[in-house]
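> Line by line, the protein sequences give chains A and B. For the first sequence, my numbering gives the first residue as 472, with consecutive numbering after it. For the second sequence, my numbering gives the first residue as 472, with consecutive numbering after it.
Keep in mind that the hints were calculated from the coordinates and are not lab data. This one's a predicted model, so the numbers in the text were calculated from it and none came from an experiment. Among the hints, erroneous ones may be present.
Note that the list lumps identical chains together, so a pair holds whenever it fits in one copy or between two copies.
[To be verified] Calculated lysine-lysine pairs in the BS3-like style (CA-CA distance at most 25 angstroms, straight line):
#, residue 1, residue 2
1, Lys581, Lys666
2, Lys732, Lys777
3, Lys634, Lys777
4, Lys616, Lys558
2 protein chains.
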Amino acid sequence: MIRAEIIAIGSELLSPFRSDTNSLYLTRSLEEQGIRVVAKTIVGDDLDSLVFALGTAFQRSDVILCSGGLGPTIDDLTRDALCAFLKIPMNLDAQLLAGIEERFRNFGRKMPESNRKQAMVPQGAISLPNHHGSAPGVYLEASGKQIFLLPGPPFELEPMWEKYGLPLLRKEQAYQRKVFRIGMLPESQVDEMLKPVTSSLRDVQYTILAAPSEIEVHLLAPENAADELISASAEVRAILGNWIYAEDLETMEALVGRLLKQRGSRVAVAESCTGGLLAERITNIAGSSEYFDCGIVTYSNEAKAKLLNVPPDLIQSFGAVSEPVAKSMAEGVRELANADYGLSITGIAGPDGGTEEKPVGLVFIGLSDEKATLVKEYRFIGSRARIRFSSTQAALNLLRLKLL
Amino acid sequence: MIRAEIIAIGSELLSPFRSDTNSLYLTRSLEEQGIRVVAKTIVGDDLDSLVFALGTAFQRSDVILCSGGLGPTIDDLTRDALCAFLKIPMNLDAQLLAGIEERFRNFGRKMPESNRKQAMVPQGAISLPNHHGSAPGVYLEASGKQIFLLPGPPFELEPMWEKYGLPLLRKEQAYQRKVFRIGMLPESQVDEMLKPVTSSLRDVQYTILAAPSEIEVHLLAPENAADELISASAEVRAILGNWIYAEDLETMEALVGRLLKQRGSRVAVAESCTGGLLAERITNIAGSSEYFDCGIVTYSNEAKAKLLNVPPDLIQSFGAVSEPVAKSMAEGVRELANADYGLSITGIAGPDGGTEEKPVGLVFIGLSDEKATLVKEYRFIGSRARIRFSSTQAALNLLRLKLL
Numbered sequence: 472m473i474r475a476e477i478i479a480i481g482s483e484l485l486s487p488f489r490s491d492t493n494s495l496y497l498t499r500s501l502e503e504q505g506i507r508v509v510a511k512t513i514v515g516d517d518l519d520s521l522v523f524a525l526g527t528a529f530q531r532s533d534v535i536l537c538s539g540g541l542g543p544t545i546d547d548l549t550r551d552a553l554c555a556f557l558k559i560p561m562n563l564d565a566q567l568l569a570g571i572e573e574r575f576r577n578f579g580r581k582m583p584e585s586n587r588k589q590a591m592v593p594q595g596a597i598s599l600p601n602h603h604g605s606a607p608g609v610y611l612e613a614s615g616k617q618i619f620l621l622p623g624p625p626f627e628l629e630p631m632w633e634k635y636g637l638p639l640l641r642k643e644q645a646y647q648r649k650v651f652r653i654g655m656l657p658e659s660q661v662d663e664m665l666k667p668v669t670s671s672l673r674d675v676q677y678t679i680l681a682a683p684s685e686i687e688v689h690l691l692a693p694e695n696a697a698d699e700l701i702s703a704s705a706e707v708r709a710i711l712g713n714w715i716y717a718e719d720l721e722t723m724e725a726l727v728g729r730l731l732k733q734r735g736s737r738v739a740v741a742e743s744c745t746g747g748l749l750a751e752r753i754t755n756i757a758g759s760s761e762y763f764d765c766g767i768v769t770y771s772n773e774a775k776a777k778l779l780n781v782p783p784d785l786i787q788s789f790g791a792v793s794e795p796v797a798k799s800m801a802e803g804v805r806e807l808a809n810a811d812y813g814l815s816i817t818g819i820a821g822p823d824g825g826t827e828e829k830p831v832g833l834v835f836i837g838l839s840d841e842k843a844t845l846v847k848e849y850r851f852i853g854s855r856a857r858i859r860f861s862s863t864q865a866a867l868n869l870l871r872l873k874l875l
Numbered sequence: 472m473i474r475a476e477i478i479a480i481g482s483e484l485l486s487p488f489r490s491d492t493n494s495l496y497l498t499r500s501l502e503e504q505g506i507r508v509v510a511k512t513i514v515g516d517d518l519d520s521l522v523f524a525l526g527t528a529f530q531r532s533d534v535i536l537c538s539g540g541l542g543p544t545i546d547d548l549t550r551d552a553l554c555a556f557l558k559i560p561m562n563l564d565a566q567l568l569a570g571i572e573e574r575f576r577n578f579g580r581k582m583p584e585s586n587r588k589q590a591m592v593p594q595g596a597i598s599l600p601n602h603h604g605s606a607p608g609v610y611l612e613a614s615g616k617q618i619f620l621l622p623g624p625p626f627e628l629e630p631m632w633e634k635y636g637l638p639l640l641r642k643e644q645a646y647q648r649k650v651f652r653i654g655m656l657p658e659s660q661v662d663e664m665l666k667p668v669t670s671s672l673r674d675v676q677y678t679i680l681a682a683p684s685e686i687e688v689h690l691l692a693p694e695n696a697a698d699e700l701i702s703a704s705a706e707v708r709a710i711l712g713n714w715i716y717a718e719d720l721e722t723m724e725a726l727v728g729r730l731l732k733q734r735g736s737r738v739a740v741a742e743s744c745t746g747g748l749l750a751e752r753i754t755n756i757a758g759s760s761e762y763f764d765c766g767i768v769t770y771s772n773e774a775k776a777k778l779l780n781v782p783p784d785l786i787q788s789f790g791a792v793s794e795p796v797a798k799s800m801a802e803g804v805r806e807l808a809n810a811d812y813g814l815s816i817t818g819i820a821g822p823d824g825g826t827e828e829k830p831v832g833l834v835f836i837g838l839s840d841e842k843a844t845l846v847k848e849y850r851f852i853g854s855r856a857r858i859r860f861s862s863t864q865a866a867l868n869l870l871r872l873k874l875l
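Starting from the given sequences, assemble the full structure and let the hints guide the process.
What follows is the structure in structure tokens.
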């Protein structure tokens, strides 16, 4: 077994405010290669601490991934620590320097003198290009260990790892992971439903993970259990059917987007309590302009009437959070945009604004097409953020089921 | 300075799905006592790994806090590891056993034999009562180090620490932290601007943290450097002035919301490339209905014309991503909503859709009030998500500066 260790570097990661998250991404990638993470260490921007952490990692691990501390400031010491620990010099890489200077020029700025240090490379190391920031990564082999120094920001670390780090990694027997995403069922119910499959697994490992309005079922199998993985996956599919909205890591918004595109249909949305989150999720997908027309966020009753043509007496009689208003919003936005589908959300996200009759978490979702308008009532629990997310999840799920 | 280390124990914390969060709580508590966390380690439920991690912690730290691994199963090895590392025996504490047995009786159950091991106490240790679970904690002094073994679940760990751990802790003087949040400057520039202050700090510690379009400057001072903290903070304020959008941890959207509320003003937003994210951020704040009227997400040119009254020939002549269209969108949404401010974003979030003349990252932001309309041009870098976030940050910042 190849043993890996992840060292997250940065004093902010030792504060009460920040957690290291890069290690989750890296762990997933390492696991797919059959490499097990045996330890994670978090240390500050301090040379002695860094050297000590590297020494510890050399004792217990074969692969060492460091994130952070590659920037231009005096706090950025990861390169220095590696050289101090291995007692090797650092050399200026002229080509690397030219690249960093050009990067700044492209943004119409002159490279500050401090960035020069990012072109220093430990002797014998390979430099890993960074297409999303100025800090190049570093790869070095020493005493049979593989050491990767990666930048801290996830949007720099992830593409660098994918493109330049991963191909250098020594691999063991690969693991295969099958993921099922389930939109609107509680964790305990999914776990119970899957008992007939999961209780008889041999080499395949089963994990269930819960996030608000989102359950993931993971099946992890070593290469030699590929057949068991296939049959277990088939059983999971047979049991959960339409509750599964995606296999592997496609998000609900990506899936709905794909379905809309396939059918050449367009959607428009009208939101109240979710305040734009539904539109934001849909348009988070590149290319969504093909199937998304417009989104209307109406907080005030006047805006609902004026923009979505919701009759004021409907709001008067039933309240803004009601089945008839959700219906009228969905129809209003569909007409306004001349779209195939109108999707609406009105509800109470809290923490204030709830009553006994209409508590926090009460949400109506409307879906209108050329034939009819469907409205469903939900009662979500949790924080404001959670209720908002659950509401958009339910809305996207409603559209998904309609498109299937 | 007293140096602390937190060891989080549990194989699930080495999976791609779970982060240790206890350490954030414990760090806050330790910092308030003037104790600095110098390292965090995460290891699995494995005796050798645990013993090794304890050895490492003994080398670099004075206070060692372990969380997890105190349960009744064979996976729970923290006590065993401590005894193995210190080469001390464990003894059955009859009183503790009676307590655990009683706890089970109170729930109408008989104590399983496996729980007996939770009554085993390392020689010389003090047992820390657990009022929220069956696993008692452990406190031990050895070689001048203070070692605390705490249960993993936060609802057990936190009250145990508060009531029984904290009072045993050797304390130093307390630290004070000052945070400045800066909206729209790059990290290296802020770092450079602050050199005159930061290069001459004596007892105050300076850290700079970067997230997309968001920089945090932290100053951390021991009690006896309170004066230095005050004067350094004043210098930071003098240098960065209006670039600082908040002191301490208020978000940009919360700050803008507070300013709008103070002035009794209302805003409406029109978005293209950010697809609802601006409205979403504003309405993320509870009570935002007081100052947010509506948001219009217009992806298509038809929607811009129909909803926001953007003249089609303007789009024809200058393109949807242009200064005149941003201006027209801001004015259009302000009129539509009859709001005090109209805020608009139009740009190219990528990854596709860029041209040489109008590259990915080009964004125009408009702000209209009763007197005039201001439009600013930005060029953001990074992924689609980052460009979208940066755009909303710039829009909120523009409104903030107007409101000041």
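> If the cutoff is 25 angstroms on CA atoms, where do Lys581 and Lys666 land: within, between, both or neither? Let me know, please.
between (62 angstroms within a copy, 19 angstroms between copies)
> With identical chains, the pair Lys616 and Lys558 could be close in the same copy or across copies; at 25 angstroms between alpha carbons, which is it: within, between, both, or neither?
This pair counts as within: shortest intra-copy Cα distance 15 angstroms, inter-copy 31 angstroms.
> Within a copy, between copies, both or neither: where do Lys634 and Lys777 come within 25 angstroms Cα-Cα?
neither (51 angstroms within a copy, 44 angstroms between copies)
> State whether the alpha carbon distance between Lys732 and Lys777 is at most 25 angstroms within one copy, between copies, both, or neither.
Result: close only across copies, 24 angstroms inter versus 30 angstroms intra.
Hint compliance for this structure: hint 3 alone is broken.
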